[in-house]
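J.: Each chain, letter by letter, is given below.
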Amino acid sequence: MNRIFLKEMVPPSGLLTGLTGLKIYSRILEQLGAVQVPQPILLDFQEASATGSFFSQVVFPIRDYARRLNQYLVLSNLNPETRLELAWLLEVNPDTFLVCETDSHDNVSNIAWIGGLDERQCGILSAISALGGADATTLSKKFKEDHIGITAWNNRLSALSDKGLLIENKSGRSKIYKPVIKEN
Amino acid sequence: MMPTNSENPKQLTFDLLDDAMFLGLSEGTDAISDAQVSEIGPLIELGAYLDSLPNGLDPDSPIVNAFSTAKTGKLQLGVHSFFKSIEVVNVPVSVEAIEENEWQSFLLRSQQAAHAAQGDTSLAKAIASTIAEMSENIIWHSDKIESGIVGYQYSKGRFDYVVSDTGIGILASLSKSDQFLSIPDSTEALKLALKNGVSRFSNSRRGTGFNSLVLNLSKRGCDIRFRSGDVSLTFEGIRSFRESAPPDPVIRTCPWIPGFTISFTYLVGQS
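Line by line, the protein sequences give chains A and B.
1 is the number of the first residue of the first sequence in the numbering used here; add one for each residue after it.
185 is the number of the first residue of the second sequence in the numbering used here; add one for each residue after it.
Treat the hints with caution; some may be incorrect.
[As the list claims (entries may be wrong)] Covered stretches of chain A, going by a simulated chain B footprint (3 or more residues, C-beta under 8 Å):
#: 1; region: 4 to 13
#: 2; region: 20 to 27
#: 3; region: 46 to 54
#: 4; region: 71 to 85
Since the hints were derived computationally from the structure, they do not count as laboratory data.
By construction, the Cβ of each residue, glycine as well, lies at the ideal position given by its N, Cα and C atoms.
Construct the entire structure; sequences and hints are all you get.
T.: Have a look at this one:
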């Protein structure tokens with residue numbers, strides 16, 4: 001799994017602010033490259049505390065850039081203060097990030113999302129997670145009591161993928177959506 | 185000159201400072217020139233006031249000496265002083281200076297001091313983060329970066345910090361954006377700036393720097409005073425602590441001072 005360790009870039013105070021982020025930004029970009037198969041990229045906050053400005057000026061743009069390279073950004077090992085900063089920022093700027101804990105052996109745990117998702121979106125993510133992956137047709141059959149057409153399901157899945165919360169894999173003419181990251 | 189009780193010497197507080205400034209240059213100078221300094225907040229705010237005066241106060245007056253000495257980090261505190269230690273430095277003037285050891289070490293020391301004052305590592309980190317964030321705001325918004333100073337003061341059970349500049353102030357800063365041209369005064373500008381997501385920059389993700397300060401720290405039982413132009417806006421979290429909610433801001437009309445000053449006080453046992 002690709003991981004970018006911020007501790008290798010953090011200044012001595014351990015504080016990542018908007019201005020310190022300006023220099024780090026280019027170093028992070030250097031570690032991102034286009035990939036054929038969509039995959040997660042972990043931004044590891046171990047030994048770092050980040051302010052709201054760091055997220056708004058560095059992490060959001062990195063997330064958007066990575067998405068264009070077929071990579072899905074996941075934030076790992078955020079300390080409680082940093083997590084709070086992110087949560088407040090996402091209240092003001094409605095958006096969502098995947099977060100998790102990782103150890104030195106790439107073991108992943110405590111996957112969650114921070115930010116606003118409605119009940120329906122949460123339900124879709126839970127269903128995809130339980131199924132390990134699904135396309136719109138599968139979901140329309142699974143939730144047939146909702147009377148939602150395949151096109152509407154496709155739109156919902158695509159929106160979650162745009163947010164970086166589901167990996168989109170093209171399979172012939174259909175698209176399979178999978179969890180970005182799994183616990184192991 | 186206002187009378188002084190020798191057993192309870194007059195202290196330089198925000199109230200005394202506001203009163204003195206309202207009195208004007210002559211009487212106001214008399215009112216504060218013999219006050220003892222035990223709080224860094226009013227002292228640094230006084231510095232902003234001095235900056236607005238054509239000739240300043242008498243350079244030999246104790247209060248001016250106290251301010252000058254505070255900036256060198258060697259403030260001699262009165263016998264009634266509450267505080268243990270003080271450090272005041274200039275805010276970095278560039279992105280490069282933010283990364284230099286001098287500034288990074290200051291941030292580390294401020295975090296260590298906040299921890300020594302109240303013992304909670306998480307809160308100490310949160311406080312240090314806001315010091316860094318508020319200081320960087322001077323670079324973005326003040327138009328007078330070189331005037332920026334930041335200081336902290338601590339003792340067992342109490343931590344104070346101040347971030348101050350004598351630049352254009354909050355009203356002029358916000359008014360640089362077309363969408364905020366109609367803001368009538370500093371009061372409205374301050375209220376607006378403290379709202380989530382408001383900044384003169386068009387990027388919608390900017391302007392949330394006060395979130396942590398107001399949402400996190402004020403509801404933990406802190407006083408936070410924002411001072412710009414002719415107004416102060418204070419979250420009196422120490423006096424009116426409420427579980428999990430920032431206190432309502434108290435707005436006061438004050439004598440005009442340049443720039444923008446934030447004064448923060450945390451007292452253990454208030455939350």
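J.: Decide, hint by hint, whether the structure agrees.
T.: Now the hints, each set against the structure:
For a cut-off of 8 Å, the count of residues in the region 4 to 13 of chain A with a CB near a CB of chain B stands at 3, and the three-residue condition holds. Against chain B, the region 20 to 27 of chain A contributes 3 residues with a C-beta closer than 8 Å to a partner C-beta. That satisfies the three-residue criterion, and the hint holds. By the rule of at least three residues with a Cβ nearer than 8 Å to a Cβ of chain B, the coverage given for the region 46 to 54 of chain A holds, with 4 such residues. Coverage of a stretch by a chain is defined here by at least three residues with a beta carbon nearer than 8 Å to that chain's beta carbons; for the region 71 to 85 of chain A and chain B the count is 5, and the condition holds.
Every hint, counting from the list given before, is met by this structure.
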